[in-house]
Amino acid sequence: MNEMKKTVITLNVNNETYELVAYPNRTLLEVLRDDLHLTGTKESCGEGVCGSCTVLVDGTPVRSCLTLAVAVQGKEITTIEGLRVGEKLHPVQEAFVNHHAIQCGFCSPGMILTSYALLKEDPRPTEAAIRRALSGNICRCTGYAKIVEAVKSLAEEGK
Amino acid sequence: MEKFAYIGKDMKRIDTTCKATGEAVFSADLTLPRMLVGKVLRSPHAHARIVAINPAKAEKLYGVKAVVTAKDTCGDKWGVFKYTQDQQFLPTEKVRYVGEEVAAVAAVDEDSALEALSLIEVTYEVLPAVYTIEDALAPGAPQLHDVYPNNINVHIVIDVGDVEKGFTDSYLVREDTFTAPEDSYFQGEPYAVTAQFDHAGNLEIWMPNAGPHLKAKPLSNVLKIPLNKVRVRKITIGGSFGGRSEISPADVICAFLAKKAQRPVKIVYSREENTVCTRQAHSMITKIKTGVDKEGRVVARDITCHMDGGAYSSTGPIATSVPFLCMEQAYRMENVRYNGYRVLTNKPIRGMFRTHGRGFACGVDIQLDRIGETMGIDPLTMRLRNARQTGDTTPTKSYVASCGLTETIEKTGKMSRWAEKFGKLPPYHGIGIGCNSVQTGFPMGIRGGSQAFIKLNEDGGVTVITGIVDNGQGNDHMIVQIAAEELGLTPDDVQLITADTEVTPSDPGSYSMCETFVGGNAVRLAAQDVKKKLFKIAATELGVGEEELSARNRKIFVTNNPQQTMSIAKAVRIALSRNESISGEGSYWPNVDGKREWVKNPFGQLSETFSFGTVICEVKVDPETGQVEVLTVTASQDVGYALNPKVIEGQFEGGVAMGGQGGMLTEYLQWHEGRVLTPTQLGYLVPLAIDMPKINTIIVETIDPNGPYGAKEAGMSVAMSAAQAYCGAISNAVGVYFHEYPITPDKILKAIEEKKKRAG
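In order, the protein sequences belong to chains G and R.
In terms of the working numbering, the first sequence has 13 at position 13, counting the first letter as 1, and numbering is strictly consecutive.
In terms of the working numbering, the second sequence has 749 at position 749, counting the first letter as 1, and numbering is strictly consecutive.
Source of the hints: derived by calculation from the structure; they are not laboratory data.
Take these hints with a grain of salt, some might be off.
[Claimed, not checked] From the derived model, a few chain R residues whose C-beta atoms are all more than 10 Å from chain G:
#1 Glu134
#2 Thr390
#3 Asn591
[To be verified] No more than 35 Å apart at the CA atoms, straight line, and that leaves these computed lysine-lysine pairs for DSBU-like:
#4 R:Lys646 with R:Lys229
#5 R:Lys9 with R:Lys260
#6 G:Lys6 with R:Lys411
#7 R:Lys694 with G:Lys120
#8 R:Lys71 with G:Lys152
#9 R:Lys533 with R:Lys82
#10 G:Lys5 with R:Lys455
#11 R:Lys694 with G:Lys152
#12 R:Lys421 with R:Lys217
#13 R:Lys57 with G:Lys6
#14 G:Lys152 with G:Lys120
#15 R:Lys94 with R:Lys411
#16 R:Lys259 with G:Lys6
#17 G:Lys152 with R:Lys620
#18 G:Lys152 with R:Lys229
#19 R:Lys60 with R:Lys71
#20 R:Lys82 with R:Lys229
#21 G:Lys88 with R:Lys287
#22 R:Lys9 with R:Lys595
#23 R:Lys533 with G:Lys152
#24 R:Lys9 with R:Lys646
#25 G:Lys152 with R:Lys411
#26 G:Lys75 with G:Lys88
Every value quoted in this text rests on a predicted model; they were computed, and no experiment measured them.
Every residue, glycine too, gets a C-beta built ideally from N, C-alpha and C.
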């Protein structure tokens with residue numbers, strides 16, 4: 001049995017406010033997936049290596065498996081579910097689909113959010129910068145070629 | 001008008017939008033009302049007798065709803081073949097590797113489940129264990145199973161022609177040994193399974209799988225319920241790479257927990273469990289003796305390979321055969337002997353892997369390079385002189401209906417500027433080539449064929465029902481492309497019900513590269529069945545013969561007078577009003593020799609057709625650090641016909657990453673006795689975006705006579721050739737041939753040092 005005391009946690013996720021009661025050792029990943037049912041965020045390694053659980057906290061990519069939910073109260077959290085507007089895919093999502101950057105899709109949410117954050121910071125990154133930025137996200141299927149192509153297509157458009 | 005509307009075109013895959021938005025549901029994403037958390041207790045010992053298991057304290061813990069031990073599974077065993085049924089779902093007498101399942105619990109939350117595991121009392125009598133092929137084969141070695149004397153699980157013997165005479169007749173003979181340790185799948189998605197029973201005793205179960213029917217049969221056996229009560233459901237799958245075809249003890253355990261608790265249960269593996277307790281790839285020691293004539297053509301070859309299979313058979317007979325079979329397909333060899341041994345050790349279980357046999361294929365290819373060097377023949381020419389050709393028959397008697405290997409060698413050589421580079425590059429700069437061939441399925445008993453159904457709606461739309469599985473490679477889209485093409489519909493008009501054992505008919509599953517060839521052909525035949533029925537109706541209405549009709553853009557039209565049309569929807573409505581059945585059915589059984597058996601009779605048609613690939617790699621080696629910088633890779637495959645070229649490029653690129661970049665530079669499991677020291681991505685180095693070189697891809701099309709539209713398979717021959725190209729390039733750069741894989745910086749530095757010493 002968990003001997004800690006539960007605490008009230010208030011999170012702003014995808015521009016919505018959620019209030020929940022949880023143990024303070026709950027990770028952001030656990031809260032997103034198990035409590036808020038935002039299962040687009042994936043767990044692959046659980047130790048901050050693979051990038052599958054990447055979400056944005058105030059626009060910066062973080063590993064939600066290494067982030068405590070209590071630590072990101074008052075910050076803007078964006079998950080993959082928060083990227084598209086209505087039925088319209090975000091241009092990064094669209095580029096991943098159009099350029100065949102997705103195979104099994106397990107790493108895609110994290111990969112897309114990392115790419116989104118890169119392009120916000122540097123709208124015209126070089127290929128080397130793209131590869132560097134994506135090197136915290138492991139993909140086992142694609143060999144990264146089409147993922148880099150997808151991000152490059154946006155870099156060229158300055159989107 | 002173009003011949004095809006969708007086939008052969010770069011098309012966006014139908015399954016990727018929901019993966020980009022996070023909507024795609026993987027097994028661990030499922031939540032069911034009143035669902036419990038399942039956890040598995042695992043053996044801490046590599047080899048031990050189970051004296052007693054006492055779950056009483058765990059059962060009494062608050063929040064625990066079910067505990068499962070071997071008592072529940074009655075000691076039932078599983079094996080891919082009747083003669084390899086050696087793995088109990090939960091062991092009754094012995095554990096044989098660190099991580100083997102011993103018991104399991106289902107509780108209301110994870111903390112309670114973990115606490116319950118710690119309360120299960122297991123008394124072990126620890127036994128001596130073996131951790132290497134050599135130790136397992138040593139006289140007096142501890143034995144893992146009574147039924148496999150000397151720990152030899154499988155022995156494959158193939159002896160064709162007169163090998164000894166071949167060596168006598170050879171101009172040059174050489175013998176070398178090549179080794180590679182275990183590698184690992186590292187699918188993005190860790191294994192997960194969710195199960196529930198309904199009031200009538202029907203099991204619903206979700207897990208990543210390469211074939212739902214392959215999961216359903218053993219579940220039916222162990223649960224002692226008929227197959228129509230086992231409903232393996234479709235779910236998004238986060239990669240397989242050959243590793244998710246068999247039943248997992250987790251599937252059985254989860255079903256038993258759900259049955260006992262009468263509540264849904266979900267088990268989600270940790271990364272470590274995925275690495276240790278699903279499947280790993282075999283380590284190998286391969287001894288190869290090859291004799292060639294004056295032109296470098298192989299006259300005789302004798303190969304002995306020992307594979308470390310871990311604790312149980314798994315797909316042992318297949319795994320022991322396939323590396324040899326790939327190479328006998330790729331290269332001509334008339335006199336050939338193969339002795340393949342799968343040896344049991346107290347290590348996790350080994351299965352088929354996408355790049356199964358890097359320590360084998362590299363041996364064959366690197367030895368060709370060495371022989372060529374002695375004779376003054378460059379590696380590319382050595383490949384051309386030995387390349388398999390269309391119309392050949394392999395040593396084990398498979399007819400090769402189409403083969404573009406020579407074309408892949410020539411085109412890859414041209415694009416990579418081989419002739420300008422080989423032997424002319426600066427020091428520590430090298431280029432290498434690898435070739436291989438894979439099957440498109442093989443004899444699989446009653447599971448060898450695929451069937452498909454097509455149902456029509458009154459608006460002309462269809463639902464295709466097939467057992468084809470998509471592990472992430474794009475098979476779902478392939479089904480839609482074929483159905484839309486044949487029926488003259490748009491991809492939006494085609495819905496799928498796939499990979500669900502309650503609804504979809506038998507299919508081999510997504511392994512052995514058979515889904516395009518076998519499943520794709522079945523879907524095509526089902527669509528042609530529908531089309532025939534629709535054309536019959538349209539022909540009467542339009543006053544022409546059925547053979548005069550075509551279909552495209554939701555319309556049936558007279559081929560020579562495209563203005564004369566009828567909508568497909570109208571044809572469907574006419575059929576409905578006349579009570580005419582227009583549903584479609586198709587089934588495809590590949591032309592393989594049903595009498596062929598892996599151990600007892602390894603002769604006859606193995607697969608209806610084969611793909612062939614070539615990879616050329618160019619590298620720079622830093623002599624100070626031993627680091628390899630890969631400059632470019634050029635990958636080419638005879639795919640038969642490219643149904644969706646961008647999908648194929650993606651398979652080539654992924655194959656180069658896994659087989660070459662990872663397989664030859666960084667990927668191997670590290671051990672302390674039977675314990676994996678590098679079970680996560682922290683220690684097991686999967687390639688990153690920054691590691692990967694530029695990859696050029698060349699698609700070669702030979703239009704296979706029986707593949708759907710001439711297609712074969714989409715990239716495995718590249719994945720199986722990449723390691724050799726990397727190895728050849730590094731060997732060429734350093735001036736030393738490497739026989740131990742992967743080629744890590746320490747091995748490179750040592751080779752450079754020894755070379756300098758030799759030079760004095």
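Results of checking the hints against the structure:
The non-interface label for Glu134 (chain R) is consistent with chain G: the shortest C-beta to C-beta separation is roughly 32 Å, beyond 10 Å. For Thr390 (chain R), the requirement that its beta carbon stay farther than 10 Å from each beta carbon of chain G is met, with the minimum near 30 Å. The Cβ of Asn591 (chain R) lies farther than 10 Å from every Cβ of chain G, with a closest approach of about 30 Å, so its non-interface assignment holds. The straight-line distance between the Cα atoms of Lys646 (chain R) and Lys229 (chain R) is roughly 40 Å, outside the 35 Å bound, and the hint therefore fails.
For the hint pairing Lys9 (chain R) with Lys260 (chain R), the CA-to-CA distance comes to about 51 Å; that exceeds 35 Å, so the pair is violated. With a C-alpha separation of about 65 Å, the suggested pair Lys6 (chain G) and Lys411 (chain R) falls outside the 35 Å cut-off, and the hint is violated. A C-alpha spacing of about 26 Å is found between Lys694 (chain R) and Lys120 (chain G), which places the hinted pair at or below 35 Å, so the restraint holds. Our distance criterion of 35 Å between C-alpha atoms is broken by Lys71 (chain R) and Lys152 (chain G), whose separation comes to about 57 Å.
Between Lys533 (chain R) and Lys82 (chain R) the CA atoms are separated by roughly 43 Å; this puts the pair beyond 35 Å, and the hint is violated. With a C-alpha separation of about 56 Å, the suggested pairing of Lys5 (chain G) with Lys455 (chain R) is violated against the 35 Å cut-off. The straight-line distance between the Cα atoms of Lys694 (chain R) and Lys152 (chain G) is roughly 14 Å, inside the 35 Å bound, and the hint therefore holds. With a CA separation close to 54 Å, the supplied pair Lys421 (chain R) and Lys217 (chain R) exceeds the 35 Å bound.
Proximity of Lys57 (chain R) to Lys6 (chain G) is assessed by CA-CA distance (about 27 Å); at most 35 Å being required, the pair is judged to hold. Between the alpha carbons of Lys152 (chain G) and Lys120 (chain G) the distance comes to roughly 14 Å, so the proposed pair stays at or under 35 Å and holds. This hinted pair does not check out: Lys94 (chain R) and Lys411 (chain R) have alpha carbons roughly 54 Å apart, beyond 35 Å. As the CA atoms of Lys259 (chain R) and Lys6 (chain G) are separated by approximately 32 Å, the hinted pair is consistent with the 35 Å bound.
A distance of roughly 26 Å separates the Cα atoms of Lys152 (chain G) and Lys620 (chain R); the hinted pair therefore holds under the 35 Å criterion. At roughly 50 Å between alpha-carbon atoms, Lys152 (chain G) and Lys229 (chain R) are farther apart than 35 Å, so this suggested pair is violated. The straight-line distance between the Cα atoms of Lys60 (chain R) and Lys71 (chain R) is roughly 18 Å, inside the 35 Å bound, and the hint therefore holds. Proposed proximity of Lys82 (chain R) and Lys229 (chain R) is supported: the alpha carbons are some 23 Å apart, at most 35 Å.
Restraint check: the Cα-Cα separation between Lys88 (chain G) and Lys287 (chain R) comes to about 58 Å, which exceeds 35 Å; the hinted pair is violated. With a C-alpha separation of about 39 Å, the suggested pairing of Lys9 (chain R) with Lys595 (chain R) is violated against the 35 Å cut-off. The straight-line distance between the Cα atoms of Lys533 (chain R) and Lys152 (chain G) is roughly 48 Å, outside the 35 Å bound, and the hint therefore fails. Note on Lys9 (chain R) and Lys646 (chain R): the hinted pairing holds, with a Cα-Cα distance of about 8 Å set against a maximum of 35 Å.
Between Lys152 (chain G) and Lys411 (chain R), the direct Cα distance comes to roughly 28 Å. Compliance with the 35 Å bound is thereby established for this hinted pair. Taking the CA atoms of Lys75 (chain G) and Lys88 (chain G), the gap is near 25 Å; set against the 35 Å cutoff, the hint holds.
Of the numbered hints listed earlier, those contradicted by the structure are 4, 5, 6, 8, 9, 10, 12, 15, 18, 21, 22 and 23.
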